[in-house]
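With chain Z's structure known, arrange chain H on it following the hints.
Residue numbers (the working numbering), protein chains in the order written: chain Z, 1 to 496; chain H, 497 to 992.
Mixed in with the good hints, there may be bad ones.
Which residues of chain H face chain Z? A few of them, derived with a C-beta cut under 8 Å, are [stated by the list, open to error]:
#, residue
1, VAL543
2, LEU649
3, MET779
4, ARG923
5, HIS955
6, ALA958
7, TYR978
Keep in mind that the hints were calculated from the coordinates and are not lab data. No residue lacks a Cβ here, since even glycine has one placed at the ideal position from N, Cα and C.
2 protein chains.
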Amino acid sequence: MSAQLQEVSHYLSACTIPVAAGDGIGPEIMEATLSILRAADPNLRFVPVTVGLKAYESGLLSGIGEDTWAAIKKHGVILKGPVMTPQGGGYKSVNVTLRKTLGMYANLRPCTSYAPYVTSMHHKMDVVIVRENEEDTYAGIEHRQSEEVYQCLKLVTRPGCERIVRYAFEYAKLHGRKKVTCMTKDNIMKMTDGIFHKVFDEIALEYPDIQNNHMIIDIGTARMASRPNDFDVVVTTNLYGDILSDVAAEVAGSIGLAGSSNVGNTCAMFEAVHGSAPDIADMNIANPSGLLQSAVMMLVHLGRNAAAGKIHNAWLLTLEDGLHTADIYRDGISTRKLGTREFAEAIIERLGQKPRKLGAVDYPEQTRNQNNRLNISPLPTRKSVKKLVGVDVFLNWDKDERNPESLGQQLEKIAGPEFCLSLITNRGVKVYPQGKLQTVCTDHWRCRFLLDGNDNNPHAIAHLLSRITNESLDAVKTENLYDFDGVRGYSQAQGE
Amino acid sequence: MSAQLQEVSHYLSACTIPVAAGDGIGPEIMEATLSILRAADPNLRFVPVTVGLKAYESGLLSGIGEDTWAAIKKHGVILKGPVMTPQGGGYKSVNVTLRKTLGMYANLRPCTSYAPYVTSMHHKMDVVIVRENEEDTYAGIEHRQSEEVYQCLKLVTRPGCERIVRYAFEYAKLHGRKKVTCMTKDNIMKMTDGIFHKVFDEIALEYPDIQNNHMIIDIGTARMASRPNDFDVVVTTNLYGDILSDVAAEVAGSIGLAGSSNVGNTCAMFEAVHGSAPDIADMNIANPSGLLQSAVMMLVHLGRNAAAGKIHNAWLLTLEDGLHTADIYRDGISTRKLGTREFAEAIIERLGQKPRKLGAVDYPEQTRNQNNRLNISPLPTRKSVKKLVGVDVFLNWDKDERNPESLGQQLEKIAGPEFCLSLITNRGVKVYPQGKLQTVCTDHWRCRFLLDGNDNNPHAIAHLLSRITNESLDAVKTENLYDFDGVRGYSQAQGE
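Excised from the complex, chain Z in its bound form (with noise of 0.2 Å):
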């Protein structure tokens, strides 16, 4: 051991990590990786704990075991390898439940070039993918409500941008990034995208020294394909960041290479980007840079910076040597191939050394506080005036041709005395009253009734479902519609 790494183990006391092997080549990466970490800084102590098949064999529906549940709560951090999810039978995916049940509403996904030891499409790329973790669809809260009509909700919360948004500002802060854009689909979902883009515009004020800006997912995604130098780092919802950031570490060249974390305010998640490969399970030639990379993340939320330094840049020595594992072995770049075991050997022997052509990490001491975790608080809740103005009630109709008259003609006869029928859209397009012939219509009708009036009772809504069922309607679904400070609360109707 090197009297630079004496110094590590001596300045930082012992810490515990629980450490999940994961599935397929999870424990041969796992195995390399702690052999490094071990190395760099010998305070370190793992515990290991179950997750993935192990757990969902023994019958937990989550795959996780209640051994992992204690020592996250213990050690406030996991290190996880991948993992795999069996196909039906109600399997819930690990680390969707971990992410939101731990409330680790960030997910950090650097992206970076290693060009030209591994190929990559730009040669020069270093971007960081803030994705908001526990919103969007991926709360996974779908129906069915006909024949023909799936619906899966996408939420939004205020908190959650204002968390999500300031973790991305304090991150660049922090790290010394210049900019933060933020990407959303606002043109079209002006509400639950708007939100997100106004608490980005909002928050961005109170960073002056850092640049940011705004762009729609669709043409951002493709500048992070064909001009990662654009970016630095991109804040956004939960669904574009899983697709944005495929994107960002597939251009990199780096998707096998690339770690990630998951961090709330009492807990963080590190892991690899990619899974679990059965198929070279076993067979000592999975690369564990992802994970190790991962492992690096979490030194430095633990503000072992010195230590995450030394693996980070034995590491890029590692690559710069052509040193390297069968997947991102090339001939006339590469020297040796090397097994899992091999690789981390070889990185073992270059702590203490930094890279000649790759710049070199450092993770300077100040940071090493506990501003690392980056603890962001919500901002106070406001206190709007919510008044309710009516209800779309969603009816499960299929009779009369699908005639949206005939439907709006019933309806109308019902709506009083508190509501007046306002119009009727299909799929949100408008087709009571004047619709158009054209518009192809499902099995599935949003009827909004407006309070007539400045009744405000509560029960309108429960009289009104009453009368519905009473005509034999199929009401399968209600949306109340507030004003918020007297402001609009729903959106109109395509064609209204």
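Chain H in isolation, oriented as in the chain Z frame:
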């Protein structure tokens, strides 16, 4: 006029096409495009109609003049320039409204590389993206439900999936394409994206001569950026298709040159992919190629294949000859920088000639028939047995430090007699019974009530809502829970 052109014009009878010039560079690129169409097919007639700023300014929030609705109804097609949607003020997107109101369910986006004449990241690329055009979160149904929570509905219908998937396979068959790839995120959205994938698998069986596969949209989009040659025809949902087609066009290098079509059973709209670029309007420097490519797709749709091929090949030859508008002009590749009008004249001069290096296109006469319109009828509706088994009631609740135990105990008392409380989730994560303390809760709670026993009283939900209201609890929405033919029609909670 050459003998060949005479032949075309004799062969096909006159045909009238409504044309909407649009805003910004719209009028000048439309003029250039029509000059080429007139030269290639003198039996075409054009009737100008109103969309965009002119319509918005006359007070039409839809941006669509009555003359436009009438002309599309009469002629079944429209050629449209780019349109600007004013921000705010309730203005609706012309494109979305036209597509949805007129049932134009299929959006076709060919993405082709013209390397080395136009800069591209991939020298060979010829992909067609078939994007569903009417459903998904683009139905624009949004509701704000509490101080914190905004919601958008994602709607997917089985007939919608059947139409677009069948269109993709029929298109592949008609145009000699070899493979259709489906992209969804059905590992997360098992019901909405699940039905799209399921219908794809069903319909693929009917086309044994065409290869098919499915990819998750995140890695699929990434691969489109890095290896577009893996793809031929891709079919996907509205939002994914929006992002994917921009990525594909961008890496092809042809976003400014790309046409698109929007096709329904009774009409079709053809438009460039790019925007109205007001900053360069009226300067005779805009590139009319995107609109021209759309016009070529329109001619094929109308069965005027000979004229379509003639224009397409003359345009390819003009690119090859290095006669370029400013946007694609590059020293060393281009020979002359042309204005909008002069570029159109160069194409007209080359009508009847074929490109030497870029592959000449061929629109065979045998495809010139009614089938060009690919009039897809939905399958007959099935009839499942739908059984009400419960209801998800969503509450806006912000008391008792948002402790789910407190809410759960209150609801247990009022669930009966019809229902029992099954669980409470917050943003999809189970928080009652037996939630995790770390779960971050918003002011928006999904409370799942299951019908107790076999009681299928349709009034039960109205009664439950009344009891909830009597407790001064604020129910903001409901989603009924159904089984269809005994199969559960709603998702489980995360952590359930």
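Now for the hints, and whether the structure bears them out:
1. VAL543: 19 Å, violated
2. LEU649: The hint holds - H:LEU649 has a Cβ within 8 Å of chain Z, the shortest such distance being about 6 Å.
3. MET779: It is violated, given that the least Cβ distance between H:MET779 and chain Z is near 23 Å, above 8 Å.
4. ARG923: Because about 5 Å separates H:ARG923 from the closest Cβ in chain Z, which is inside the 8 Å limit, the hint holds.
5. HIS955: Constraint on H:HIS955 satisfied, holds at 6 Å.
6. ALA958: With Cβ-Cβ at 4 Å, under 8 Å, it holds.
7. TYR978: This hint holds: H:TYR978 lies near chain Z, its Cβ roughly 6 Å from the closest one there, short of 8 Å.
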